[in-house]
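K.L.:
Sequence:
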Amino acid sequence: MKRQAISSDSAPLAIGPYSQAILSEGLLFTSGQIPLDPAKGKVVEGGIEEQSHQVMKNLGAILEAAGLAYGDLLKCTVFLSDMKNFQTFNEVYACYFEGGGPAPARSTVEVSALPLGVLIEIEAIARA
Numbered sequence: 140m141k142r143q144a145i146s147s148d149s150a151p152l153a154i155g156p157y158s159q160a161i162l163s164e165g166l167l168f169t170s171g172q173i174p175l176d177p178a179k180g181k182v183v184e185g186g187i188e189e190q191s192h193q194v195m196k197n198l199g200a201i202l203e204a205a206g207l208a209y210g211d212l213l214k215c216t217v218f219l220s221d222m223k224n225f226q227t228f229n230e231v232y233a234c235y236f237e238g239g240g241p242a243p244a245r246s247t248v249e250v251s252a253l254p255l256g257v258l259i260e261i262e263a264i265a266r267a
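Heads up: the sequence shown begins at 140 in our numbering, then just goes up one per residue.
For the record, the hints were derived by calculation from the structure and aren't laboratory data.
Hints are all accurate, no fakes.
The list that follows gives simulated cross-link-like pairs (lysine-lysine, DSSO-like), each with its CA atoms no further than 27 Å apart:
#1 Lys-196 <-> Lys-223
#2 Lys-196 <-> Lys-214
#3 Lys-196 <-> Lys-181
#4 Lys-196 <-> Lys-179
#5 Lys-181 <-> Lys-223
Now the in silico label distances, taken between C-beta atoms and shown as ranges:
#6 Gly-239 <-> Thr-216: 13 to 21 Å
#7 Thr-216 <-> Pro-177: 15 to 23 Å
#8 Gly-155 <-> Gln-226: 28 to 36 Å
#9 Ala-178 <-> Cys-234: 21 to 29 Å
#10 Ala-244 <-> Glu-203: 17 to 25 Å
#11 Glu-189 <-> Gly-210: 17 to 25 Å
#12 Ser-246 <-> Gly-186: 18 to 26 Å
#13 Arg-266 <-> Lys-223: 30 to 38 Å
#14 Ser-163 <-> Phe-225: 29 to 37 Å
#15 Gly-155 <-> Gly-238: 34 to 42 Å
#16 Gly-186 <-> Gly-210: 22 to 30 Å
#17 Gly-185 <-> Ser-163: 30 to 38 Å
#18 Met-140 <-> Gln-226: 37 to 45 Å
Here a beta-carbon is modelled for each residue, glycine too, at the ideal position from N, C-alpha and C.
Work the whole structure out from these sequences, hints included.
P.N.:
Put into structure tokens, the structure is as follows:
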């Protein structure tokens, strides 16, 4: 099985022994994306709305580096630090799939903590 690392300077660089994404057998598997501004290397200011947009932008940059788009997403797993943020996150998330066919399958779970104290993290699988 051939594996190819996918990387984008427009998304936060991996800070450990992992890749931003791996392309294998026609599928792209992304690492979890948090709301880091890749230009500043810092968590974006604001609440769940701003953080959700940044995570989706980071995910979009990785998809683009693989020659893909949001419409190619098959499954997203969303980690929220507080389910009270679900409705606002959902509104932001929905705008990335307007008019582009069906949204990907998705799981959303609340976790006790996320890296750097962020409010959200998303990992995804897309078809290449």
